[in-house]
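Here's the letter readout for the chains.
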Amino acid sequence: MGTETDDNPADHRNTFQPSSEEIEHWMQKAFDMAKEALENGEVPVGCLMVYNNEVLGRGRNEVNETKNATRHAEMVALDHVLQWCHQENRNSKEVFKETVLYVTVEPCIMCAGALRLLNIPLVVYGCRNERFGGCGSVLNVPADELPRTGAPFKCISGFRSEEAVELLKLFYKQENPNAPKPKARKD
Amino acid sequence: MEPQCKRRKASESETVAWDVFPVLSDEQSQDAELLEAYAAPIINKKETSRLVKELASIYPLPGVQHIKRVRACKDSGSLNPLEVIVCLVRDVQPIPNNKDLSISALLPSDRVDISGLGKPFLVKVPAYPPLTRPQFEQASRHWPTSFHEDKRVTVALKGQLFTADQKAKMQKFMTAAVMAAKAGRALGMDAVGAVIVDPQTERVLATGHDCRGGANPLHHAVMVCIDLVARGQGGGAYKFDRYPTCQFSVPTSSPHQSRTVISPSVDLLGLDQAEQSWVPYICTGYDLYVTREPCVMCAMALVHSRIGRVFYGVASEDGALGTKYKIHTQKDLNHHFEVFKGVLEQECEELKQDGALIK
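Same order as they appear, the protein sequences are chains A and B. Going by the UniProt record's numbering, the first sequence opens with residue 1, and the numbers climb by one from there. Going by the UniProt record's numbering, the second sequence opens with residue 1, and the numbers climb by one from there.
Just chain A, with the same shape it has in the complex (with noise of 0.2 Å):
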C-alpha cells in the first residue's frame, strides 16, 4: 500500500489522515457496493465520500442511463454530498474539505480534476487504472503544478487491489451493448 505523507501537525490537511481500521471498513463498504453492482450488471466501482464519519455520497456509474459519459461513480457521489450540503444549510466548500473518498479502482483523469477543483484532501483507492486514471496511472493530477484548478489531494492506493482487478474482469467479459465497435488499439 503506497502513501505519501508528512508528518506535520499543524498542517490542518493532514488531520484527515484516517487510522488504519477506518481505511479497512470504509474499504469493505465500498468492496461490498462494487460485488452489489456487478450483480446488477453494472460496471463494479464501489464509491463512497465520507464526513466525520458519516457517508454523504454513494456514487455508482450512472453513464448508461444519462447517455452522458461522465456520470461517473465518483461525480455521482460529489452531487450527493452537494445535495446534502443544500438539505442541511451548510457550506459546500468547508464539507469537501474535510471529506475522504473510498473508491475501489484509481479514479479517472475526470475525476481526478473533479475531486482537485473541490479541495478533496485524501483519497483511498484499490487498483489502478491503467486506461484512465488519474491519480498516477495515466496522469498525476492531484500532484501536478496546477495552481488554478484547486489543492494537491493526498492518495492511498493499493488497498485489496487484486480483488478490485478481478471484480473489473468479470465485468468487461460481458459487452457493453451502448457502446460503437471499439478499434483494435496500435501498439
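The hints are simulated quantities; they were obtained by calculation from the structure and are not laboratory data. Worth double-checking, as some hints may not be accurate.
The calculated lysine-lysine pairs, modelled on BS3-like cross-linking and capped at a C-alpha distance of 30 Å, are [stated by the list, open to error]:
no., chain 1, residue 1, chain 2, residue 2
1, B, LYS119, B, LYS99
2, B, LYS169, B, LYS182
3, A, LYS35, A, LYS173
4, B, LYS239, A, LYS93
5, A, LYS169, A, LYS35
6, B, LYS239, A, LYS97
7, B, LYS158, B, LYS352
8, A, LYS173, B, LYS331
9, B, LYS46, B, LYS119
10, A, LYS97, B, LYS352
11, A, LYS93, B, LYS352
12, B, LYS169, A, LYS93
13, A, LYS169, A, LYS97
14, A, LYS169, B, LYS331
15, B, LYS169, B, LYS119
16, B, LYS119, B, LYS45
Given the coordinates of chain A, assemble chain B onto it according to the supplied hints.
Relative to chain A, chain B alone:
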C-alpha cells in the same frame, strides 16, 4: 476533409480577423532532438557507393534510418564535395581528444579501405524522423534527413487549413459561445461559454455557459454542454431550465446523409478516430466551440464523450488541451481528437480579462 491549400483572397480577411492553428502533440511540436556522430569527407567521389556499403556493414545505424548517409558539402568550393556519416558517437568507445581523431580509430582497416576517407569530424544529426515541416527544416540545418510530409499538418501550421467559408461558420458558432459567456456573466457566473455542433447538419445541439455560481461548482461550461447534449438524446443528469441561455436541441439526421463526408478523413494527429455511427452516441463526431481552453476535468470529459474536434478561443493557465496537458493526444487514452485554437481570439480574450469570479 481535403487540405485547403488555396490562398485566401485579401477581401475575405476583412470578415474574419483571426487565424486558427492546430494544437499538436509534444512529439509534433518539440524541437528536433540531436545525436552526435562522426562524419568524414569522401576523398574520391567515385568511391562513394563502395564506402557507403562498407560503412553500412560495420555501422548500420539502427534507429536512425531517417538520416541520409551522405551529404553534399555545404561549401561548394570544397575539395571534397561529399561527406559521409561514419558512425554515431554512442557506437564507439569514448575518444578522449577529438582533435587527434583519425579514421583508423573508428574503423577496422581490414574491413574498409580507409584511404578513401578524409579526417573525421563531429557532427550533429536528428535523433528522430521529423514529423512536421518546421521540424524537418530545423533538422536539415544539421544533417539531411528523410521526411514523409503530412501536407495537411503543414497547411494547418500555416493557419491555412480552413477556407474563408469554413472560418465564417466557425465564427458564427464561436460568437454563439461568446454570447452564452456574456449571458452567464450577467447572472454572476464566470464568463465562459460553449456550444456543441453537429458538423454534418451544422446544427447547434447544445449551448451552455459556466454555471458554477449555481448549485454545483463543477458545472463548467463544457460539463453543462455535455449534459445538454445528453438531454437532447433523451438522457441528462441535470436540469438547466433556470438558465435561459443553456439550451439543447434534438439531433436530426437525414437517411441519405453520410456521416463521414465532413468529418476529417485524414487524422492530423496520426491517431485513430472513433468510428462514426448512425445513432447519436454521446458527442461522437460533434464539434465543441468554447471561449477558452478547457481544464483537466473538462478535457477528460470530452475524451469520455468521444468529441470529434475542439475549437477554443484562448489558452487557459491550467488548460489541459495544450497548456498544462495535451489530453487530446495522450498516448494511453482510447480516444483522441483534433484541437484548434485562435477562433475569435480577441473577443474570447476580452471575456477572460473581465471574468471576475474565479473560485
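Status of the hints after comparison with the structure:
For the hint linking LYS119 (chain B) to LYS99 (chain B), the alpha-carbon distance of about 10 Å falls within 30 Å, and the restraint holds. Between the alpha carbons of LYS169 (chain B) and LYS182 (chain B) the distance comes to roughly 20 Å, so the proposed pair stays at or under 30 Å and holds. For the proposed pair LYS35 (chain A) and LYS173 (chain A), the alpha carbon gap of about 15 Å is at most 30 Å, so the pair holds. A threshold of 30 Å between alpha carbons decides the hint, and for LYS239 (chain B) with LYS93 (chain A) the separation of about 22 Å falls inside it, so the pair holds.
Simply put, LYS169 (chain A) and LYS35 (chain A) have alpha-carbon atoms about 12 Å apart, close enough for the 30 Å limit, and the pair holds. Between the alpha carbons of LYS239 (chain B) and LYS97 (chain A) the distance comes to roughly 27 Å, so the proposed pair stays at or under 30 Å and holds. At roughly 26 Å between alpha-carbon atoms, LYS158 (chain B) and LYS352 (chain B) fall within 30 Å of each other, so this suggested pair holds. Simply put, LYS173 (chain A) and LYS331 (chain B) have alpha-carbon atoms about 24 Å apart, close enough for the 30 Å limit, and the pair holds.
For the proposed pair LYS46 (chain B) and LYS119 (chain B), the alpha carbon gap of about 18 Å is at most 30 Å, so the pair holds. With a CA separation close to 28 Å, the supplied pair LYS97 (chain A) and LYS352 (chain B) stays within the 30 Å bound. Restraint check: the Cα-Cα separation between LYS93 (chain A) and LYS352 (chain B) comes to about 24 Å, which is no more than 30 Å; the hinted pair holds. Annotation: proposed proximity of LYS169 (chain B) to LYS93 (chain A) is violated, straight-line Cα distance about 41 Å (limit 30 Å).
Among the hinted pairs, LYS169 (chain A) with LYS97 (chain A) is inconsistent with the structure: their alpha-carbon atoms are about 34 Å apart, more than 30 Å. Between LYS169 (chain A) and LYS331 (chain B), the direct Cα distance comes to roughly 23 Å. Compliance with the 30 Å bound is thereby established for this hinted pair. Distance check on the hinted pair: LYS169 (chain B) and LYS119 (chain B) sit about 61 Å apart at the alpha-carbon level, beyond 30 Å; violated. Taken as a hint, the LYS119 (chain B) and LYS45 (chain B) pair is honoured in the structure, with Cα atoms around 15 Å apart against an allowance of 30 Å.
Of the hints listed earlier, those the structure fails to meet are numbers 12, 13 and 15, in rising order.
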